[in-house]
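Chains as they are written, first to last, in the working numbering: chain A, 1 to 412; chain B, 413 to 824.
Hints were generated in silico from the structure; no laboratory data involved. Each residue gets a CB set at the ideal place from its N, CA and C atoms; glycine is no exception. A portion of the hints provided could be inaccurate.
Unchecked claim - Facing chain A, from chain B, some residues (calculated, C-beta under 8 Å):
#1 Glu468
#2 Thr496
#3 Glu499
#4 Thr535
#5 Phe537
As the list claims (entries may be wrong) - In silico lysine-lysine, DSBU-like type, Cα no more than 35 Å apart, as pairs:
#6 B:Lys776 / B:Lys741
#7 B:Lys604 / B:Lys822
#8 B:Lys789 / B:Lys805
#9 B:Lys436 / A:Lys329
#10 A:Lys226 / A:Lys124
#11 A:Lys224 / A:Lys124
#12 A:Lys329 / B:Lys741
#13 B:Lys822 / B:Lys789
#14 B:Lys741 / A:Lys124
Residues per chain are reported as follows:
Number of protein chains: 2
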Amino acid sequence: MPVLVMKFGGTSVASLDRIRRAAKRVGREVANGHDVIVIVSAMSGKTNELVGWVNEISPLFDAREYDAVVSSGENVTAGLMALTLQEMDIPARSWQGWQVPVLTTSAHSAARIMDIPTDNINTKFSEGMRVAVVAGFQGISPENRITTLGRGGSDTTAVAFAAAFDAERCDIYTDVDGVYTTDPRIESKARKLDRIAFEEMLELASLGAKVLQTRSVELAMRYKVKLRVLSSFEEYDENAGTLVCDEEEIMEQNVVAGVAYQRDEAKMTLISVADRPGIAAAIFGPLSEAGVNVDMIVQNISEEGRTDMTFSCPVEQVARAERAMQEAKTSGDINFHDIVADTDVAKVSVVGIGMRSHAGVAAKMFQVLSDEGINIKVITTSEIKISVLIDRKYMELAVQSLHDAFELEKVA
Amino acid sequence: MPVLVMKFGGTSVASLDRIRRAAKRVGREVANGHDVIVIVSAMSGKTNELVGWVNEISPLFDAREYDAVVSSGENVTAGLMALTLQEMDIPARSWQGWQVPVLTTSAHSAARIMDIPTDNINTKFSEGMRVAVVAGFQGISPENRITTLGRGGSDTTAVAFAAAFDAERCDIYTDVDGVYTTDPRIESKARKLDRIAFEEMLELASLGAKVLQTRSVELAMRYKVKLRVLSSFEEYDENAGTLVCDEEEIMEQNVVAGVAYQRDEAKMTLISVADRPGIAAAIFGPLSEAGVNVDMIVQNISEEGRTDMTFSCPVEQVARAERAMQEAKTSGDINFHDIVADTDVAKVSVVGIGMRSHAGVAAKMFQVLSDEGINIKVITTSEIKISVLIDRKYMELAVQSLHDAFELEKVA
Numbered sequence: 001m002p003v004l005v006m007k008f009g010g011t012s013v014a015s016l017d018r019i020r021r022a023a024k025r026v027g028r029e030v031a032n033g034h035d036v037i038v039i040v041s042a043m044s045g046k047t048n049e050l051v052g053w054v055n056e057i058s059p060l061f062d063a064r065e066y067d068a069v070v071s072s073g074e075n076v077t078a079g080l081m082a083l084t085l086q087e088m089d090i091p092a093r094s095w096q097g098w099q100v101p102v103l104t105t106s107a108h109s110a111a112r113i114m115d116i117p118t119d120n121i122n123t124k125f126s127e128g129m130r131v132a133v134v135a136g137f138q139g140i141s142p143e144n145r146i147t148t149l150g151r152g153g154s155d156t157t158a159v160a161f162a163a164a165f166d167a168e169r170c171d172i173y174t175d176v177d178g179v180y181t182t183d184p185r186i187e188s189k190a191r192k193l194d195r196i197a198f199e200e201m202l203e204l205a206s207l208g209a210k211v212l213q214t215r216s217v218e219l220a221m222r223y224k225v226k227l228r229v230l231s232s233f234e235e236y237d238e239n240a241g242t243l244v245c246d247e248e249e250i251m252e253q254n255v256v257a258g259v260a261y262q263r264d265e266a267k268m269t270l271i272s273v274a275d276r277p278g279i280a281a282a283i284f285g286p287l288s289e290a291g292v293n294v295d296m297i298v299q300n301i302s303e304e305g306r307t308d309m310t311f312s313c314p315v316e317q318v319a320r321a322e323r324a325m326q327e328a329k330t331s332g333d334i335n336f337h338d339i340v341a342d343t344d345v346a347k348v349s350v351v352g353i354g355m356r357s358h359a360g361v362a363a364k365m366f367q368v369l370s371d372e373g374i375n376i377k378v379i380t381t382s383e384i385k386i387s388v389l390i391d392r393k394y395m396e397l398a399v400q401s402l403h404d405a406f407e408l409e410k411v412a
Numbered sequence: 413m414p415v416l417v418m419k420f421g422g423t424s425v426a427s428l429d430r431i432r433r434a435a436k437r438v439g440r441e442v443a444n445g446h447d448v449i450v451i452v453s454a455m456s457g458k459t460n461e462l463v464g465w466v467n468e469i470s471p472l473f474d475a476r477e478y479d480a481v482v483s484s485g486e487n488v489t490a491g492l493m494a495l496t497l498q499e500m501d502i503p504a505r506s507w508q509g510w511q512v513p514v515l516t517t518s519a520h521s522a523a524r525i526m527d528i529p530t531d532n533i534n535t536k537f538s539e540g541m542r543v544a545v546v547a548g549f550q551g552i553s554p555e556n557r558i559t560t561l562g563r564g565g566s567d568t569t570a571v572a573f574a575a576a577f578d579a580e581r582c583d584i585y586t587d588v589d590g591v592y593t594t595d596p597r598i599e600s601k602a603r604k605l606d607r608i609a610f611e612e613m614l615e616l617a618s619l620g621a622k623v624l625q626t627r628s629v630e631l632a633m634r635y636k637v638k639l640r641v642l643s644s645f646e647e648y649d650e651n652a653g654t655l656v657c658d659e660e661e662i663m664e665q666n667v668v669a670g671v672a673y674q675r676d677e678a679k680m681t682l683i684s685v686a687d688r689p690g691i692a693a694a695i696f697g698p699l700s701e702a703g704v705n706v707d708m709i710v711q712n713i714s715e716e717g718r719t720d721m722t723f724s725c726p727v728e729q730v731a732r733a734e735r736a737m738q739e740a741k742t743s744g745d746i747n748f749h750d751i752v753a754d755t756d757v758a759k760v761s762v763v764g765i766g767m768r769s770h771a772g773v774a775a776k777m778f779q780v781l782s783d784e785g786i787n788i789k790v791i792t793t794s795e796i797k798i799s800v801l802i803d804r805k806y807m808e809l810a811v812q813s814l815h816d817a818f819e820l821e822k823v824a
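Input sequences plus hints: build the corresponding full structure.
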């Protein structure tokens, strides 16, 4: 039978009633002749509670223990979903990451899936099981420890299963009905997109439009997984949600597809770094090993053999970044006078494949921000996006002004 | 280094503060030169929440999924405890049941531990780890599914580890400061026992004095594990708590050691069963397979080849018991007219090794109950205990009257 992957996020399984509603959608696909792999997140709020406890015990926690703790919420949902499906007379069972097994790297809290052997689950499908309910977000390392894939990792679990089982489609059920030109909570004129290109979705996801985890989109693009984002709270419809697809499949295209933001950024500056070949590697190697997700990087012009190095990362990783830098200083690998963290910044970006063939998007963006009196602290650009770091208090204003200026409420 | 097993129950790890307090006790034993295996329960209330969800989805749940769900609370505590110990600079890591591995039978929700290979944990001890924090209550079946050992199963986990690792002692930290002559919430004159014999503890545990899980005491007796029950809320003291030991180690002994009760019992009667050789096996075989814990059994005198068969079991297993009996009737294995459940009964028992050499305990017990106007529905006896099933509303009165009559507030 053709395999369908259906992923339900935390708000879609937040209560027994919602699990039942999700199970009904699964039941419809089973009735339509699919074997279904259901990927579940933890019930809404559960993972945050666990993360909060870990952070309270130790801001510089052992990521292996963090993973063992925070992965537990998905196990609960998987069991509850399997029980609910069984109660509807659908042959189902739950699978935890280590049971499948979902084999990952040892990079705890940000592990990558290496392989998903399909034998165990396929054997059960061949014995009559119709639904495999898999705990998302988790796997096991070569050392047999539990790993997690980073926040939102269940999306990646879903796409990886769709690729491994050659699924017909991967439906991501969430609490929004698709991908918007920007966050409707910030800009009421935000418009739902029927289709969006993988590349655009990739930038939007990585830039903080929290609909899909970045790596899930990368994986979908690489393995050509048909990926659909849709709401678990609305009536089902063949064309519901937003289809993430190749850009060739999109007829009309605005120059800018959307405006994304990332609220909780920090800007860190190493003051007066001894400048020498290999200094960037000496700084960002240890940060990467410490699990710090460095995003934007700016290096000042060097004066008298010293320079300032600025980078951005999520606010909650500042302590870890500082520690890694102090250690690298102590061990003599790098030398700097001081380390300064600005934890009150946010990132705002405009994204669009159309920018490749249209000049002037950057100039227009800077003008709009300037007109609003918003100071730009750091700029980075790529072929299809422009990002700026600004004071967090101006974030909403920036998003609204840019959405207006690029007329994103209108279809091209 | 000598190994010590320390088990912390749900109330002892109910919050991060309490986990810290427990970790300090562990730290003291590490400082005293022990390698420590810490067995943890789920944070107080967590398992009940999970059990509630499962029951709400399906009263006749798949026990394999039940186990997958309810075992998650212990995993959380194990990780949090390991993090807390690490924060105190004590080398520690968490172990889930499947990681040790704790090998059990496939009897889900009531699995028995078959073996605990010590290699993985001992390798880590030899590498400098000082504390192995193990999630209690859980293991894996030969089919690689998660199993649980029944409510209170973490006690059994603790004793099994103490036996497997040849531990110096097994300390069970709980919310009471030892074993009492009866529940102090029911009888304020209840007295703490300094020592109690394995056999007595076994009867008290199985009869509902909820200090230790029955099987943990059986295991401790078989493997001669020095078992101590003590409070995690009181100042530490070498002689704190109650030591569960061989009767030879107890100098003075009352005839009756304690009065136990079990509140939520049900009395089930199969009316007019066709009486024939093997009928008991035909009834209690299927009940056992369905996971029903049958306790007392009474068979009426047979009339015209038919009899009534009465048994007791926990109230929450009544639905399962009825289903197993109806199925056995449908399949023709047994034949009865009706099945009747009385879900308003409780069990009260007096227990004491001294009863072996003292006559008249039963007579005195029946007289005391009769004087209070309490009707006895079922009686069972053993060498060292007498149990009666009575209406639940008289339970407290029965416990108090018996405690008084046998003068349990006084030391022998």
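Quick rundown of the hints versus the structure:
1. Glu468: With Cβ-Cβ at 6 Å, under 8 Å, it holds.
2. Thr496: Interface hint status for threonine 496 of chain B: holds (5 Å vs cutoff 8 Å).
3. Glu499: 5 Å, holds
4. Thr535: 12 Å, violated
5. Phe537: Not OK, violated: phenylalanine 537 of chain B not within 8 Å of chain A, min 17 Å.
6. B:Lys776 / B:Lys741: Roughly 42 Å between the alpha carbons, so the hint for lysine 776 of chain B and lysine 741 of chain B is violated.
7. B:Lys604 / B:Lys822: Roughly 11 Å between the alpha carbons, so the hint for lysine 604 of chain B and lysine 822 of chain B holds.
8. B:Lys789 / B:Lys805: Distance ~13 Å between lysine 789 of chain B and lysine 805 of chain B Cα, so the pair holds.
9. B:Lys436 / A:Lys329: Measuring from Cα to Cα gives roughly 34 Å; hence the hint holds.
10. A:Lys226 / A:Lys124: Holds - the C-alpha atoms of lysine 124 of chain A and lysine 226 of chain A are around 25 Å apart, at most 35 Å.
11. A:Lys224 / A:Lys124: The given pair, whose Cα atoms are some 26 Å apart, holds under the 35 Å limit.
12. A:Lys329 / B:Lys741: Given that 35 Å is the threshold and the Cα spacing comes to 78 Å, the pair is violated.
13. B:Lys822 / B:Lys789: The hint holds at about 30 Å.
14. B:Lys741 / A:Lys124: 32 Å, holds
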